[in-house]
Amino acid sequence: MKWTLAERVLERGRIEPDRLAVRLLWSQQREQAVSCGDLLEGALRYAGRLQRVGAGPGAVVLIIHQHSLDLLYGFFGAVLAGAIPSLLPYPTEKLDTERYRNSLEALFQLIQPKAVITYPALAVVLKSLCELEGVEVLLPQPDDHSPLGEAVSVAAQDIALLQHSSGTTGLQKGVALSHEAIYRQLESCAEAIRLSRDDVIVSWLPLYHDMGLIAGFLLPILKSIPLVLMSPLEWVRAPHMLLQAVSRFGGTVTWLPNFAYNFCARKISEAALDGVDLSRWRAVINCSEPVSARSHELFAHRFAPYGFRRAALAASYAMAENVFAVTQGGIDEPLRVDSVDPRALAVDGIAIPSASGLAVASSGRPVPNVEIKIVDASGIQLPERHIGEIALLSDCMLTGYYKRSDLTAQVMRDGWYLTGDLGYVVGEELFVTGRLKDLIIVGGRNLYPGDLEEIVNDVGGVHPGRVVVFGVPNVELGTEDVAVVAEVETDDADERRRISENIRSGIARQTDCIARHIHLVDSRWLIKTSSGKISRHANREKFLRERELATV
Amino acid sequence: MDLHGPIADYISAEILKDKRRAIGPEEPLISSGLIDSFSVVDLALFVESEFAVRIQDHELNAEQIDTLDALVKLIKTRLA
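Chains as they are written, first to last, in the working numbering: chain A, 81 to 632; chain B, 2 to 81.
Hints listed in this document are in silico derivations from the structure and should not be mistaken for laboratory results.
Fair warning: there could be bad hints in the mix.
As the list claims (entries may be wrong) - In silico contact screen, one side only, chain B against chain A (beta carbon under 7 Å); selected entries:
#1 Met2
#2 Ser32
#3 Gly34
#4 Asp37
#5 Ser38
#6 Val41
#7 His59
#8 Leu61
#9 Ala63
Computed from a prediction, not measured in an experiment: that's the story for all the values here.
Just so you know, even glycine gets a beta-carbon here, dropped at the ideal spot from N, CA and C.
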């Protein structure tokens, strides 16, 4: 395998032009097969258009597209032009476009993109910003016969792409990944999951997310594995699309965030599964939010009648800073579930085996090129079964946060990347138990509490600065819920209801996520730390305690 | 047949977990963020089983069923 993304796409397009690269699916049975040759040609047209506007080697090119051919061609066009592509989320129907534009404005100033590949409706929203910053806008051209571009060769150490998570905070942290890091990750991940040319990968994951981009896009395309790709927006309305596609196209491997196991198990009608055969599905890999053994049970039980094999349940611990996979489990042997004493886990930070204890699902072992260790706050390695921060070392780590070396320095110690996640090891096996960093993961999507608190602060009737946002588990959905606690002056019920509605709609319009719990409290409810800051941790504990009492 | 009542009750009780929350007939449900993407499919499954009608996947979006009125209208065309 060649070392750079461009070399690989060129090679596939020339050696096996007729082999299926991607089959795009839409609702109402619409689909389009894209061969390796099609992909190369489509990408070279975009490369030509980019080169004609001066977006060549080293230039950042943003790609903001929904599920479409232009998304594929635009991304690989930037790759072939030697530019640095970054796929960003598109605004959905709820999101306030003004707010979306503002979040991109800060990003533009930081990374100074040369071009944006997008669709007409969004180009209208971004027009003034692009003019101001001198950014070229490239729109889809039906029946594009524009001249093909020239593939530019770059070095393996060069930055291949930037991976952002959303929100004000996330957009400041563009994970810069080199070609060689991506190459090594793909090799390692492929080995860990025993990937072969007989596999068919089926995915609905968004490509602006690391799991979607690496596992559900680059891995199959660059490793010559057919990919069946659907729209995340359509999947969430019709989760049966995934199972029908796996059945129809003989899907063998799929990555899912934990909530999707619950979602599929609970929200698909019998009628939609008529004739579905899942017996070829050999690995359904749980990744990007905490793995729940219960979610696996729900899924296996629901789909067993359709040929789903329990042995297909797998899990991986992954992050953009390592390109993708850190560990992998459930491929050669069943995924282990550790049963531990919940009290010792919470109080002493030790995972003591206990037959009827708390079930902690394994995330498997490090993939071949990765080493992990568990460390305490001062960086000292902890023994087996002791909870600490997960640190990792590999040959496929990030080059750095793009133009934010200050942020890179904060997460590195002696060459090891500090993940901000908590866990323990038993032998080589990793068990993830929690999080040190303030982060909420809803349906696989990362949200930063600070971004949400800022929005709540601006809502009329809320005590400015007297707000806290955190994540609480939602067992039913198999993910986390966003919870808001805000101090208000009024005790009028109607007025409080109005404030709640404004908080809910403010968060929905500005972040595209829903605050499921909005708890308005009287002054002085919130707990402060000794240094006078509002403590997310202590207030979360208080919120959960009160909620528990209320349901007794 | 009153269609508004049972759907509004379902939304308040099961999706919003707040029975006292009244849902206006023209109140935006999806575009306002009142119903999140995880719950849109619940609403569709409820409507399908409650009124024995089929809602197509592509109809579950803010353009087609953003309000109770719009949803009821869609159901009525199916029942007719």
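Status of each hint after checking the structure:
no., hint, result
1, Met2, "violated, 23 Å"
2, Ser32, "holds, 5 Å"
3, Gly34, "holds, 2 Å"
4, Asp37, "holds, 4 Å"
5, Ser38, "holds, 5 Å"
6, Val41, "holds, 6 Å"
7, His59, "holds, 5 Å"
8, Leu61, "holds, 4 Å"
9, Ala63, "holds, 4 Å"
Hint compliance for this structure: hint 1 is the single one not met.
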